[in-house]
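Please build the complex by placing chain B on the supplied structure of chain A, with the hints as guidance.
Quick mapping for you: the protein sequence lines, in order, are chains A and B. For the first sequence, our numbering gives the first residue as 40, with consecutive numbering after it. For the second sequence, our numbering gives the first residue as 317, with consecutive numbering after it.
Just to be clear, a hint being listed does not mean it is correct.
What the hints assert, rightly or not - Far from chain B by the CB rule (all over 12 Å, computed), these chain A residues: (1) A106; (2) V121; (3) P152; (4) L157; (5) T158; (6) L227; (7) E230; (8) Q244; (9) L251; (10) Y277; (11) E293; (12) V320; (13) I334; (14) L339.
Claimed, not checked - Reference excerpt, derived from the structure (chain B facing chain A, CB under 8 Å, subset only): (15) L401; (16) F402; (17) G414; (18) V417; (19) P446.
Read the hints as simulated data drawn from the structure, not as lab findings. All figures in this text were calculated on a predicted structure; none of them were measured in a lab. Here a beta-carbon is modelled for each residue, glycine too, at the ideal position from N, C-alpha and C.
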Amino acid sequence: MHSNSSLLTPPKVAQRPAAGRHGRAAQQDPLWVRCLLIGAALTVIGVLILIPVVNVFYQALADGFGAYWKNLFEDAGTRNSVLLTLVVAPVAVAMNIVFGLAAAWAISRFRFPGRTVLTALVDLPFSVSPVVAGLVLVLIFGLTGYFGPWLRAHDIKILFATPGFILATAFVTVPFVARELIPVMEALGPEEEIAAVSLGANAWQVFWRVTLPNIKWGLLYGVILCNARAMGEFGAVYVVSGHGGTETMPLRVEKLFQESKNSGSFAVASVLTLLALVTLVVKVVLERKTRGDLIEAASLAGDKS
Amino acid sequence: MSISVKNISKRFGNFQALDNVSLQVPAGSLLALLGPSGSGKTTLLRIIAGLEGADNGSVLYEDEDVTAASARDRNVGFVFQHYALFRHMSVFENIAFGLRVRKEKRGAVDSRVRELLHLVRLEGLERRYPSQLSGGQRQRVALARALAIRPKVLLLDEPFGALDAKVRQELRAWLRSLHDEIHVTSLFVTHDQDEAFEVADTVVVMNQGRVEQAGSPQEVFDHPANPFVMDFLGNVNMFTGRVQNGRATLGSWVVDYPEYPHAEPRDATLYFRPHELDIELRRNGVPAMAATVDRINSAGPIAKIALTADGFERGLNVELSKQRCDELGLKTGDRVFVSPRKTRVFMPDYVI
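Just chain A, with the same shape it has in the complex:
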């Protein structure tokens, strides 16, 4: 036992005079390098992120709080854009929760032909320009598109209407939920689900009682990111909007800005920015919770006592 414990304790470092105040010199860069790096990082963050964000609020409130309030709540166009966003984003997020859960379940629990292709396709919207995504929808549902004539004959409006906004937004935000859930579900493994089945649970009970509680933080994390992107999406939605009267909030920001209504434009922009800040805080909290779950999963699956 004695020889064992001496193997485990690190050898004592010889006491040298230099091991005092300057002992860590080998692991630490000189002061001026540290200052330069930290300074550069802070400058970039300040110039590219902090100042623009503060400026959004500064511009929005330039004409006073009364004008800000009026811009937000008494302008019919702005109000409609907020309402439309509040319809489009939740529906798109809901679609992606269903898709994300199904895709993550399939990819993490089964080995099937086309699994790698599916995994790659989930990521596609990240690499495709949103404008192209919008154009694809126009090509499919537009008047000259594949389903255009049929839709017109049955008087169903997709493009330039809410369904078009939802489809465009859902396409662009596909990766968020699935991407977040796949690694979480792979790390958690199927053991608890198999145990639940052996105890007599049906698929529905397994999902609600075992799987969902285990992935809830990861799912929520994906939903928060998905929602932020859904509310902020511009490119794809811009294409399917047909530049008519219907607008989501980002489109409204752009339109007011083009019309030189700066304070109105920045008022809407400030709401989107606020949403981003809230998202950021929630994201940090959820990241910790997800990581905690995974560490616990690892310790329950592998440790010896």
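What follows is chain B alone, placed relative to chain A:
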């Protein structure tokens, strides 16, 4: 309830996990599937549970063919190797899970869970979560959870594999007494022969997807059916000797081997367990092999002595009681005479 496994085969890609395995588990017995890793024992257990499908063959519970039934409908209690406890549920909810999904009444669930907490001696810990339990406690929660649904069969996959030696020892004895108390037909998988022998009524030795031998621990240990079983169950000394005219010879040792009565001499493998060899300081009439003592390890109740027999390169291991070893007063380098009390002879590819 008895279990019959009939001609089960299972392949994973190119790997033949199970090769035409048949097995009988009498009602109320406690059976160990013993074998090295990759022998197919866990696959067989999972097929019996319905967690894995077989390519061929059938599984019967009593007289009912359950081969096509899902794990959900088989009413089997399964204890997983790493327990697979529901991490977000308390101990109480873990044990109650099987009852809750069966929509049992709240009062019935409560009393059943209390009963099991008492049975597995975890009263007072019902509010804890799996991450707050020790390995042995998790093991007992997993067992209670599996027993809560009053299973017809209890299946355990390496139940003590993830525990340290001392806890493992305690739980073995406890599992044995638990089985004597509740009498549910049980199968467990293990690669540890001591565990199988100590806990089980019947031991089934598996290797490369086949059953090598099945029997009581005593039978299997005393009458191993083939070299694999002999080798797998504890230490052996193995030598190549000759068989002829109903006798096997190795140097000056001769034993009866009526299974081979022919005059034509053949090679055979002779096995001696270390505790079935004796050491004498001088020849006393018994056929004995001269040997030199290389090393003596007498820590513990058994003295382990390593020797080299004259004329053989392979070393010889002998186990004597500490008392006997002291009587002989052995030292490294001593010349001694070794004689077998029991020999097992196996001939390669010889069918009687």
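Hint check:
1. No Cβ of chain B comes within 12 Å of the Cβ of A:A106; the nearest lies about 50 Å off, and the non-interface call holds.
2. No Cβ of chain B comes within 12 Å of the Cβ of A:V121; the nearest lies about 37 Å off, and the non-interface call holds.
3. At roughly 15 Å from the closest C-beta of chain B, the C-beta of A:P152 stays outside 12 Å, upholding its exclusion from the interface.
4. Chain B leaves A:L157 outside its interface by the beta-carbon criterion, the shortest separation being 22 Å against a cut-off of 12 Å.
5. At roughly 22 Å, the least C-beta separation between A:T158 and chain B is larger than 12 Å, which holds for a residue marked as non-interface.
6. Not every CB of chain B lies more than 12 Å from the CB of A:L227, the least distance being 9 Å, so the non-interface label is violated.
7. Remark: the non-interface label on A:E230 conflicts with the geometry, its nearest Cβ contact in chain B lying 4 Å away (cut-off 12 Å).
8. For A:Q244, the condition that its CB be more than 12 Å from all CB atoms of chain B is violated, with the nearest at approximately 5 Å.
9. Residue-level check failed: A:L251 sits 10 Å from the nearest beta carbon of chain B, not beyond 12 Å.
10. For A:Y277, the non-interface assignment is confirmed: its Cβ lies about 43 Å from the closest Cβ of chain B, beyond the 12 Å cut-off.
11. With a least beta-carbon separation of about 45 Å from chain B, A:E293 lies farther than 12 Å from that chain, consistent with its non-interface assignment.
12. No beta-carbon of chain B is positioned within 12 Å of the beta-carbon of A:V320; the least distance is around 24 Å.
13. With a least beta-carbon separation of about 10 Å from chain B, A:I334 fails to lie farther than 12 Å from that chain, contradicting its non-interface assignment.
14. The beta carbon of A:L339 sits about 6 Å from the closest Cβ of chain B, which is not more than 12 Å, so the claim that it is off the interface is violated.
15. Taking 8 Å as the C-beta cut-off, the interface hint given for B:L401 holds, the closest approach to chain A being about 7 Å.
16. Proximity of B:F402 to chain A holds as hinted, the smallest CB-CB distance being about 6 Å (cut-off 8 Å).
17. Among the interface hints, the one on B:G414 holds; its C-beta lies about 4 Å from the nearest C-beta in chain A, closer than the 8 Å criterion.
18. The interface hint given for B:V417 is met, as the beta carbon of that residue sits about 4 Å from the closest beta carbon of chain A, less than 8 Å.
19. A least Cβ separation of about 6 Å between B:P446 and chain A falls short of the 8 Å threshold, and the interface hint therefore holds.
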